[in-house]
Amino acid sequence: MNRLFTADIVTNEQLDNRYFALQVTPNVAICETLAGQFFMLKSGEFGEYTDPLLLRPFSLASFIHPDDTYPNGLLMFLIDAVGKGTNILKRLPVGTRLNIIGPLGRGFPPVADDERLLIAAGGIGIASVLGLNKMYHGVPLFYGVRSRGQMIECTNSNIQVASDDGSIGDKGSVLALLERHISQLRQSYSGKIKIYACGPHGMYKAMFKMNLDADVYVALETPMACGVGTCLGCAVETTSGLQMVCKDGPVFNLKDIIWGG
Amino acid sequence: MNLSVNIGGLKLKNPVITASGTFGYGVEYEEFLDLNQIGAITVKGLSQHPAKGNLPGRIWETPCGMLNAIGLQNIGIDAFIKEKLPELRKYDTKIIANFFGDTIEEYAEAAARLSAAEGIHALEMNISCPNKQAGWIAFGTDPALTEKVVAAARKATELPLIVKLSPNVTSIADMAKAAVDGGADALSVINTITGMAIDIETRRPRLSNIVGGLSGPAIRPIALQMVFQTFKAVKVPIIGMGGIMTGGDAIEFIIAGASAVAVGTANFVNPAASIEILKGIKDYMARHQIDDINTLTGGIIC
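If you read the sequences in order, they're chains H and A. Residues in the first sequence are numbered consecutively from 33, following my numbering. Residues in the second sequence are numbered consecutively from 1000, following my numbering.
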């Protein structure tokens, strides 16, 4: 099985003025995927479209297993149209062929039976943890958004939401909800707590400063050229030196990252 | 159809090479393409000691190109010979070891150590990385110093010696002549072009090193012109590089004077780029009834 393949767009749905959900079906069988892994995407014939030049990395939001209609399954990405590359992807019609590399990187580590898992997402970071939400059904999910309009629907009976403007859930930071949950949990549970999180850089820095009573793993995002560890462009400073987000990550232990000022 | 070329004593089965710094140590790409089909693999630039490179941010995309300031991060010559080279020996392709030093002595020593290893077929000398400090840049921009450092490496190796030239000079022809006078068997033209980008919201440079090297299709016309100037100035074979994405791009460089081409940034966009470029070269040759690729080198009609 090859991690270099083409896939065709099945649906490309606008969710709000920035977010969109892209579903593609690969033209070959793809390698097994893990929550937290990512794919590099680009449209157009190779060599023909040179601006933007590079592929864009996106977390896998979900993989729907092969069936009669889609013999190689469906890959779903939730994307925030922040720049040129993502805005081009947003406008692509159904049927467009994409060039893809993936799955890439290391996903979230497995959770042991005697560990408690909590999931935290900020904004479009929900994309990276949707797979976890599906896999660890019923695990508490802490989800922070700017406002109601940006919230992606996710099935979880144990969800706690916060929004910057208070239009949905608590007004303020979702991390306050997370912290409160941990202190409540600690009254009856002294074992290991793991938090798997994906969100903006500021959220991670805040989590680092909070010194949460848990093992926190976060999915990082950086500019990236190759995705496979050769360009050395996506370096991140860790306590054991520079590491590559594409190959050593994108999931890292929060305390291994040097967050700086 | 003859695709084989001789690059200053380095015999390649075809003229497609992967460029240094864009193909790792080769083995990273074995799952994406048949490495046996590539003319040669140029590995990531090596130094005597492992180098940690620059802090992030290291890359930034610009129109039709990308800036990088990796800072020559590498595992060092010893680790390369011990860990990577045995893997590469399994493939039926040629290995070009790209190397650099901080002093003339270090260049000579690096060349000697790489030459002693089994499975390296040629050396490519990097005297032109835009991400090094001012003193170092002189190796690639001052013709007298270029000749001196090339001569030192020349004495240290029997392998074909390729010198990679900087485009950040007033006259690429003068630099080419200096490298050949120093003993270069072939020239790689060009390395990246110095550039920068700024985040206007924060006024901070996009790269931690502030400046970096621009690569990709954005620099192709500049690279092509420099290959053409170099071809007119010296007799040694030229490896043309700079934004080659397709077989047609490669042919353009060959017509301008290149004997072989190197594929760089395109590897990031498509890990199998070099194979597709080779196919494109063959298609062109078939279409134009060219039996021997060597007859096309410098075949520009002015």
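It is possible that part of the hints are untrue.
Interface residues of chain H toward chain A, partial, derived using beta-carbon atoms under 8 Å [as the list claims (entries may be wrong)]: (1) 126; (2) 129; (3) 247; (4) 252; (5) 254; (6) 258.
Keep in mind that the hints were calculated from the coordinates and are not lab data. Even glycine gets a Cβ: it sits at the ideal position worked out from N, Cα and C.
Tested hints:
{"no.": "1", "hint": "126", "in the structure": "24 Å, violated"}
{"no.": "2", "hint": "129", "in the structure": "14 Å, violated"}
{"no.": "3", "hint": "247", "in the structure": "24 Å, violated"}
{"no.": "4", "hint": "252", "in the structure": "11 Å, violated"}
{"no.": "5", "hint": "254", "in the structure": "7 Å, holds"}
{"no.": "6", "hint": "258", "in the structure": "4 Å, holds"}
Going down the numbered hints, you'll see the structure goes against 1, 2, 3 and 4, while the others check out.
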